[in-house]
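Undergrad: Here are the chains, one letter per residue:
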Amino acid sequence: MGLLSILRKLKSAPDQEVRILLLGLDNGGKTTLLKQLASEDISHITPTQGFNIKSVQSQGFKLNVWDIGGQRKIRPYWRNYFENTDILIYVIDSADRKRFEETGQELAELLDEEKLSGVPVLVFANKQDLLTAAPASEIAEGLNLHTIRDRIWQIQSCSALTGEGVQDGMNWVCKNVTAKKK
Amino acid sequence: MKHFLRVLTQFLVFLYCKCLWQGLKFVVRKVTGRCELQRICYNNKPGARRTLKIESSLKCSKSELLQSAVSVHPDAVEKTIDDIMVLKKIHPDTNPQLGISLQACLFQIVGYRNLVLEVEKLRREPYDCENPEHEDMLMQLWKALRPESPLTGRISKQWCEIGFQGSDPKTDFRGMGLLGLHNLLYFSEHDKATALQMLHDSLQTKLSKMSKAEWEKKKFDKAIGYSFAIVGINITDLAYSLLVSGALKTHLYNVAPEMPSLVHFQQTFCYLMQEFHRFWVEEDPCDIMEFNRVRNKFHKRVLKQLKNLDMALCPHFTASDLHLVNL
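So the sequences go chain by chain: A and B.
Just so you know, full-length UniProt numbering puts 31 at position 31 of the first sequence, and the rest follows in order with no gaps.
Just so you know, full-length UniProt numbering puts 150 at position 150 of the second sequence, and the rest follows in order with no gaps.
These are calculated hints, taken from the structure and not from any lab test.
Just so you know, even glycine gets a beta-carbon here, dropped at the ideal spot from N, CA and C.
Treat each hint with caution, since some may be false.
Not everything, but these chain B residues come out facing chain A in the computed CB check (under 8 Å) [what the hints assert, rightly or not]:
| no. | residue |
| --- | --- |
| 1 | 13 |
| 2 | 171 |
| 3 | 231 |
Mimicking DSSO-like on lysine-lysine, the simulated pairs with C-alpha atoms at most 27 Å apart in a straight line are [as the list claims (entries may be wrong)]:
| no. | chain 1 | residue 1 | chain 2 | residue 2 |
| --- | --- | --- | --- | --- |
| 4 | A | 35 | B | 89 |
| 5 | B | 88 | B | 59 |
| 6 | B | 45 | B | 2 |
| 7 | A | 98 | B | 121 |
| 8 | A | 73 | B | 89 |
| 9 | A | 98 | B | 157 |
| 10 | A | 73 | A | 35 |
| 11 | B | 304 | A | 54 |
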């Protein structure tokens, strides 16, 4: 296939664009997850000041993934990115039990946001490669995810480091993105 | 078939150019009576101009000895130069300066390669709470930046005061490992005034530009200029990528007359921190969310500067401080 025909193909079938917001506490693994999604090198990650954005093609969608820094000082800025969000992905460090309460509070506040009402939420119970990681079921219970009634949600255990479980989560995203768009 | 012909043509053109280049080199050698290495040394002043050309000449050479010269151990440099002189039939007595010049270039070349390895090793070493040396360095960093207020505990909210994200800095080193800590500590101890000024400035909110009511409405009360330590770790990443990509060769070949070492890298880091701060103020971003935009722009600017072969990045330190030769 020549370059021209590739270009033409790209032009004729524009993928449906999906805006995905990646949030969670600092050191949760959001940037690693983003780089894993974009199949980039994950050995040079630094703490995110501000945000990163990447576009990933997946299953006929163009996923525009926004990874916003999770540092407490940056959290007030999260709201600037809520508009037109199709899917919210919330990343949790499953091994950082001391901060389960804090991460639960942040998530609860996000779910109360008007601009995010009805937006499907995928919770990644990340860092399952660590021995001390809590299983996804325990986290779901701790966060009271079962009480969520106003949107579809899913919890997926994963390791952004090894890539395990990431694709399963993204499959769920692609399956449920249409539900919101209609 | 068409594709095959195209590849074949490209290959033939490549061969032709290579023959032409070799032929040209041969003719020039016969006319001037000097080999390529000699010509480079005579026509270029010491520093990046000369060393970069010598490096590429060695790498492209047909001779195995010359090709492998760029990766010899520093201890073997002198012997390698002697071998090259013999191979190229250059008599040391008639060209006393050439051996010295070539040796200096080769020391820089192998020094840079070793520096890349050393830096990479530090970067790969994760911060370890169990290691007393690591813990010690972290405490020194605190003392250097906050001499007036003692730390209340190893895990403390106070770490945020110097720009770490949370109450335990260890998670912030991440992909930069110990390299980030080494750099931050070097900056805070050896360029203390600049580091403290930068830390002070980074803690200033941009309150003056907005009315207080507007500020509170936007809930930006916790917002700051930027986080000093985190920015340091991000600038470490920048310095690291400049080093690994080879872009820093211009700078290091110009400032390190012998072998570039870790100290040179750390001084480059200090310079980048200071320049980034200046650049940040110039760019005047609305808030921290613009960090990556500003950072990328800064990166491009530094890369452009390094394209100039006479460029050296550390005007801040005086040459006597660093035992540097000013070119």
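Undergrad: Each of the hints needs a verdict: does it hold here or not?
TA: Here's how the hints hold up against the structure:
no., hint, verdict
1, 13, "violated, 21 Å"
2, 171, "holds, 4 Å"
3, 231, "holds, 6 Å"
4, 35(A) x 89(B), "violated, 54 Å"
5, 88(B) x 59(B), "holds, 16 Å"
6, 45(B) x 2(B), "violated, 48 Å"
7, 98(A) x 121(B), "violated, 32 Å"
8, 73(A) x 89(B), "violated, 67 Å"
9, 98(A) x 157(B), "holds, 14 Å"
10, 73(A) x 35(A), "holds, 23 Å"
11, 304(B) x 54(A), "holds, 25 Å"
The structure fails to meet hints 1, 4, 6, 7 and 8 from the earlier list, while all remaining hints are met.
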